[in-house]
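J.: Letter by letter, the chains look like this.
There are 2 protein chains.
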Amino acid sequence: MPSPVPDGGTRGWIIPIGGGEEKENNPQILKRFVELCGGDQADIVILPTASRLADTGARYERIFSGLGAARVEAVDFDTRRDCDEKSRLQRIAQATGIFMTGGNQLRLSTIIGGTAVAKLIRQRNAEGVPVAGTSAGASFISEHMIAFGEEGPTPIAGSVRLAPGLGLTNRFIIDQHFRERDRIGRLLTALAFNPFAVGIGLDEDTAAFIGPDNTLEVEGSGGITVVDAKGIEFSSMDLVEEGQPVCMLGLTLHLLVAGATFNLSTRQASAGELARAKG
Amino acid sequence: MPSPVPDGGTRGWIIPIGGGEEKENNPQILKRFVELCGGDQADIVILPTASRLADTGARYERIFSGLGAARVEAVDFDTRRDCDEKSRLQRIAQATGIFMTGGNQLRLSTIIGGTAVAKLIRQRNAEGVPVAGTSAGASFISEHMIAFGEEGPTPIAGSVRLAPGLGLTNRFIIDQHFRERDRIGRLLTALAFNPFAVGIGLDEDTAAFIGPDNTLEVEGSGGITVVDAKGIEFSSMDLVEEGQPVCMLGLTLHLLVAGATFNLSTRQASAGELARAKG
Numbered sequence: 001m002p003s004p005v006p007d008g009g010t011r012g013w014i015i016p017i018g019g020g021e022e023k024e025n026n027p028q029i030l031k032r033f034v035e036l037c038g039g040d041q042a043d044i045v046i047l048p049t050a051s052r053l054a055d056t057g058a059r060y061e062r063i064f065s066g067l068g069a070a071r072v073e074a075v076d077f078d079t080r081r082d083c084d085e086k087s088r089l090q091r092i093a094q095a096t097g098i099f100m101t102g103g104n105q106l107r108l109s110t111i112i113g114g115t116a117v118a119k120l121i122r123q124r125n126a127e128g129v130p131v132a133g134t135s136a137g138a139s140f141i142s143e144h145m146i147a148f149g150e151e152g153p154t155p156i157a158g159s160v161r162l163a164p165g166l167g168l169t170n171r172f173i174i175d176q177h178f179r180e181r182d183r184i185g186r187l188l189t190a191l192a193f194n195p196f197a198v199g200i201g202l203d204e205d206t207a208a209f210i211g212p213d214n215t216l217e218v219e220g221s222g223g224i225t226v227v228d229a230k231g232i233e234f235s236s237m238d239l240v241e242e243g244q245p246v247c248m249l250g251l252t253l254h255l256l257v258a259g260a261t262f263n264l265s266t267r268q269a270s271a272g273e274l275a276r277a278k279g
Numbered sequence: 001m002p003s004p005v006p007d008g009g010t011r012g013w014i015i016p017i018g019g020g021e022e023k024e025n026n027p028q029i030l031k032r033f034v035e036l037c038g039g040d041q042a043d044i045v046i047l048p049t050a051s052r053l054a055d056t057g058a059r060y061e062r063i064f065s066g067l068g069a070a071r072v073e074a075v076d077f078d079t080r081r082d083c084d085e086k087s088r089l090q091r092i093a094q095a096t097g098i099f100m101t102g103g104n105q106l107r108l109s110t111i112i113g114g115t116a117v118a119k120l121i122r123q124r125n126a127e128g129v130p131v132a133g134t135s136a137g138a139s140f141i142s143e144h145m146i147a148f149g150e151e152g153p154t155p156i157a158g159s160v161r162l163a164p165g166l167g168l169t170n171r172f173i174i175d176q177h178f179r180e181r182d183r184i185g186r187l188l189t190a191l192a193f194n195p196f197a198v199g200i201g202l203d204e205d206t207a208a209f210i211g212p213d214n215t216l217e218v219e220g221s222g223g224i225t226v227v228d229a230k231g232i233e234f235s236s237m238d239l240v241e242e243g244q245p246v247c248m249l250g251l252t253l254h255l256l257v258a259g260a261t262f263n264l265s266t267r268q269a270s271a272g273e274l275a276r277a278k279g
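Those sequence lines, one after another, are chains A and B. At position 1 of the first sequence the residue is numbered 1 (UniProt numbering), and the sequence of numbers has no breaks. At position 115 of the second sequence the residue is numbered 115 (UniProt numbering), and the sequence of numbers has no breaks.
Don't read these hints as lab results, they were simulated from the structure. Among the hints, erroneous ones may be present.
Which copy is meant is left open, because identical chains are indistinguishable; a pair holds if it fits in one copy or across any two.
As the list claims (entries may be wrong) - Mimicking SDA-like on lysine to any residue, the simulated pairs with C-alpha atoms at most 25 Å apart in a straight line are:
1. 119 - 89
2. 119 - 237
3. 86 - 234
4. 119 - 163
5. 31 - 232
6. 31 - 61
7. 278 - 107
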């Protein structure tokens, strides 16, 4: 569960990104993240844990420095022992922004899960520090994480495996590379277990900027698919066998693009600026 | 538009099939079709027009004969001139069931569209004769046909092209091979133009048996995705440029499997037998 927000404080922004975010020409998602972290006062810590590539951390160091952040450092947590090291924890304790790269979300959950690092990130977010994650980093953000699954638009029993994630929130389940890897079926399957959470499918180069008031704003060039199961009339998830399609009646579906919003507390979608453009 | 139903009569069943229907072991979809056509009294005409393969018609002749139909005949309509030939029209006028094979729906619309054959099929269906189509044959059934489009789960302006279809009904837009070819985005895009119709995505080996009362029953091993845009709160289709994602808020989504139903008049989904199984 999320850390408690201190009295008088507000939780920091939570920013899952669908992967493949633009890094050179008009990198609007990463730019907005740097601004939320303090712009030219920003002190950003990058966690490249999900990635197996040696240069992932260094690459984001260059990008965030290029976007004007005052201080940027990739901090490696490659073993659970690393996660107890005081100097590395100290960097997170000082940061004004935390960014988790892509790779494999099971590396994040198996290495960081249940350690002092996970606890500290939750605590810093509760104190107001923005936390972003792209691709695998986005999947890891929520309490309920899609560990792996199959492709395709219809929900199939057994097509998705959930695991505990970082737990900055439990209001949603994230899936990423959404359009590019055809993942609506596995997101629906995840919701079929328990319609409590909202399903959020992020296209590449698209981010959900979720403010302290739980309003989700879309940034980037793609779409965000929101599946709200609050009004669900029927789910056959308890009846079906592995490999069989699941029956789910009465879901609400929103396709959001930049300018539109979704409030995770009230579950209201709004066209925002788009409605004004329409006049 | 559909032909008028004669006084005191009822329209025949309309049966779009998602393609890849089981033909040998337990071919439940084709078996139910033969039963609706009269079982051992059935006289089925097969239209292999969509297919470029020489043996498509003969293959279905063997299948329907094997399922006990009294008379089965594939009738070729390969040119628009064929569509005026009296002997071929006569076969359709006698049939108790009409079946359109898969292939390319643009062959059906360009060869049969606007001919005496199209008119006769609509008329026979209005008089009570069941009409089924698989894959391309399913897409052709409705007034609004998906001619072609792109893959992926989020709606993109320009990702789908509609064309006039056979027009047995205008209540829905069909897409087929739905899970297998990742087509929810193009179905959503089709609905974004005008939320009037219901979007129906058919998985392979899955059919919508739509009765004279407009109740859709699911048959087969896969799922049917129903997207109902009646409650849509916002669509940005009029604002976006080709290649841009479309914003659509407030859609209703149902995932149906065998046993569940959807009424195209009232737009109510029901778990049917599945709810009884749940107790």
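J.: Which numbered hints turn out to be false for this structure?
T.: 2, 3, 5 and 7
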